[in-house]
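In case you want the letters, here they are:
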Amino acid sequence: MRLTVLLAVAALAAPAAALAQEAAPAACPATPAALPAGLEAWASPAPLAAATTAADAGKASLKIGQAFDAALPGTPAVTYALRPEKPGGSVSYGGIFAVDVTKPATYTIALSTGAWIDVVRDGKTLQSTAHGRGPACTTLRKMVAFPLEPGRYLIQIAANGEPKIGIMVAERP
Amino acid sequence: MRWAAPLIAAAAAVLCLAAAAPQPFDWRLPEGIAPPPVPADNPMSAAKVELGRRLFYDADLSVNGTMSCATCHEQRHAFTDTNQTRPGVHGDPGRRNIQALAGVGYYRTITWADPRAASLEQQMLIPILGLKPVEMGMAGQEAELARRLANDVCYRQMFAQAFPETGGQIDMVAVGKALAAFQRTLLAFDTPYDRGPAALPAAAQYGEALFRSARLNCSSCHAGPHFTDADRPGAYHRLPGAPAADPGLAEVTGRPEDQSRFRTPGLRNVAETGPYLHDGSARTLEAAIQAHYAANDPAAPTKAETADLVEFLKALTDKGFLADPRFALPQTACGRPL
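Residue numbers (the working numbering), protein chains in the order written: chain A, 1 to 173; chain B, 1001 to 1338.
So that you can see chain A by itself, here it is in the shape it has in the complex (with noise of 0.2 Å):
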């Protein structure tokens, strides 16, 4: 098949018909969106590094009730304790955070994008029990639910699109 070809058909994404169905983006409003129950700190993160390795989490380690302006590195540089579900391409980013769970309860993990959360204790990943979006016109992009019992667990986030994430993790109400 010749290339040609090919992206004639490519250009099928953009008919010509102007009938697309596209959302307008919408006007946010002059006063914020409220952050949901538990993530008022999202407003105000503190910087923090990502690390490239388990064995350095804990210098990236994310207290539960705050909020992270994270640098990520590219993802070639970042060895994950387990390969990501979604691994991130070549010039993606990602990184490793560490978080100290003292409270038996279910956590949200926000993000300011829609990266990849891995939650990882013990070799193993742990399976998510809820997920969604943050609300509109706000940086809060995604939110992951995880029950965590006490204990060090390995954060690792991958295929980000920019080497910056905001993070937090965050007791649910």
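Simulated from the structure, these hints should not be mistaken for lab results. Treat the hints with caution; some may be incorrect.
[Claimed, not checked] Each computed DSBU-like pair below joins lysine-lysine, with the alpha-carbon atoms no more than 30 Å apart:
1. A:86 to A:124
2. A:86 to B:1303
3. A:124 to A:103
4. A:86 to A:142
5. A:86 to B:1319
6. A:124 to B:1132
7. A:63 to A:86
8. A:142 to A:63
9. B:1303 to A:164
10. A:103 to A:142
11. A:59 to A:164
12. A:164 to A:103
13. A:63 to A:164
14. A:142 to B:1303
15. A:86 to A:164
Start from chain A and add chain B according to the hints.
Just chain B now, with coordinates in the frame of chain A:
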């Protein structure tokens, strides 16, 4: 076998094509099932399928490395996901529900409502290069994609093995052929339904009878071994009870009679592929069934009949397919961990 008779023509076509193949490909199909048709210029090979599988899971096929084919087509959900629609790499809202992939190699109508994407080799360009909406965002970045792949010594080996006729050239044509070859192997024929009526609970048997009844006649469109007429060109339909905001086929043809016409999704693994309809607006199988009927249509199935239909649809799940390691994220390539 339930499906042997309808596939004679397809089998004949494949036999013709197979003559051009350098080596027979082991489809691992049950007896009586013909493999999907294969384009003469893209014969199947194990090396090509292996390459296609790696590419399918590689987020370097998106502009910022965040999205692979598998980002939306998740194996555990029969290669779709649980979202109504999904935004692209830049946050553009998705337009239509992600489609499942089991049996997609048999289809002649591959997208929801665009007959111009007539092959899997062509279809893959829509998510990778498409602009309305931008999904993977690689329009104008074809050379960059080739550069990324060629930067990996293992990929160079895999392309060379998969495409000896071009010396392993890495370009969009080869990427499309490899992805298509992998997708043709996504076959799900090990379901309770395939084991025969005795394998079905009574409710599912009632449901199948309703499904094929003259009154409901679901099988007129959800036909054949894949429960779709998408293996016939030009088969697009409008559902009386479905949302009509999307122009569907009319967007391409410009014909008013094609307004809100869409292809018929196959039903294998359908219980795992919700939400349903072209816009993902039906959260459950019951809601999807109801969308096939206008309000107060006396022919619509009753609540009890709908429940039986759902039991039948659940019997179309190939659980092995959802976890088959042949289709999963590869953990190694060229003998090394990824």
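- [ ] Taking the numbered hints from earlier one at a time, note which ones the structure violates and give those numbers from smallest to largest.
- [x] Hint check: 2, 6, 9, 14 fail, others pass.
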